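Residue numbers (my numbering), protein chains in the order written: chain A, 199 to 317; chain B, 1047 to 1209.
Hints are computed from structural coordinates only; laboratory data are not their basis. What you are looking at is a predicted structure, and each value in this text was computed from that prediction instead of being measured. Think of the CB as a built atom: it goes at the ideal place given N, C-alpha and C, for glycine as much as any other residue.
Computed beta-carbon distance windows for the label pairs:
#1 B:Val1112 to A:Glu203: 29 to 37 angstroms
#2 B:Asp1133 to A:Thr206: 41 to 49 angstroms
#3 A:Gly298 to B:Thr1169: 28 to 36 angstroms
#4 A:His282 to B:Thr1169: 15 to 23 angstroms
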Amino acid sequence: MRRWEGRTNEPLMWSLFGGGGMLAVFTMPVLVVVFGLLVPFGAFGGAPGTYERMHGLLTHPLVALVVCLALGLVLWHCCHRTYHALHDLGLHPPELVRAGIYGIAMLTPAVAYALCLAS
Amino acid sequence: MSASTVSGRAAAARSKGSDARPEALVVRDGAAPVSARRPYRAPTSRTWFLKTREYRAYALREASSVVVGLFVFDLAVGFVCLHRGLDAWQWWVAMQTRPVNLILTALSVVMSLVHATTWFQATPKIIRIRRGRRYVADGWVVAQHYVLLLAFAAIVYVWLGGL
Chain A
199 MRRWEGRTNE PLMWSLFGGG GMLAVFTMPV LVVVFGLLVP FGAFGGAPGT
249 YERMHGLLTH PLVALVVCLA LGLVLWHCCH RTYHALHDLG LHPPELVRAG
299 IYGIAMLTPA VAYALCLAS
Chain B
1047 MSASTVSGRA AAARSKGSDA RPEALVVRDG AAPVSARRPY RAPTSRTWFL
1097 KTREYRAYAL REASSVVVGL FVFDLAVGFV CLHRGLDAWQ WWVAMQTRPV
1147 NLILTALSVV MSLVHATTWF QATPKIIRIR RGRRYVADGW VVAQHYVLLL
1197 AFAAIVYVWL GGL
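Chain A with its partners taken away, still in its complex shape (with noise of 0.2 angstroms):
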């Protein structure tokens, strides 16, 4: 019988990051253009105009959820690249640098879609 002092969570943490990166590759191009420059420099009706297009749609809870879930999955893909670069870059941090950047890849998602059901 296997046990779990000699295996590794790697598998979990690498299937995370490849569904983060193959959604970013589709999603954040189109993203970041839209929202970092269409929209504020007033396309699609500017601010009032988003607002009202989205805010039915994107607010229902569940909606929220996926949203907030995929969001979630590309800063995961990021973190775990983050840190897998600080050893390229010769650092070998101690193991609360890695909770630490993990940690922001779990709670962002999860403060947000706190934050979206209060409000």
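Fit chain B to the supplied structure of chain A, relying on the hints for placement.
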């Protein structure tokens, strides 16, 4: 067992006779369990990733994750603002035109495209589709990914009322 006087490996070897507990569980002086993993770290220069073109491309791709991650955090803030009402959403949209945010956006445009295009270039190495006796050409596999990216762009564009 006292592992403070002998090395962990010797302690593990000694304990093999009585109870064969893995080295990972050896506790030194009642402290937290000491990991058995002691990876060898080859001495490398701090700037090894600037040495060749391939290394620089790799470093740029890894650096993109930091920038994209910051933008995802920004999007998460915006998503909460969308829930909090029109005033909050207008505040967030106005924030996107501040110089700091514009720098982040400009970097994110470049870095998200670096991340996406380099990944698309790598996909034929992973996705091998057989049709009869031969494989679908690499270019088609790459093209499919660009089509999916454009499809998502079109959906967002139409949904936000661009058409």
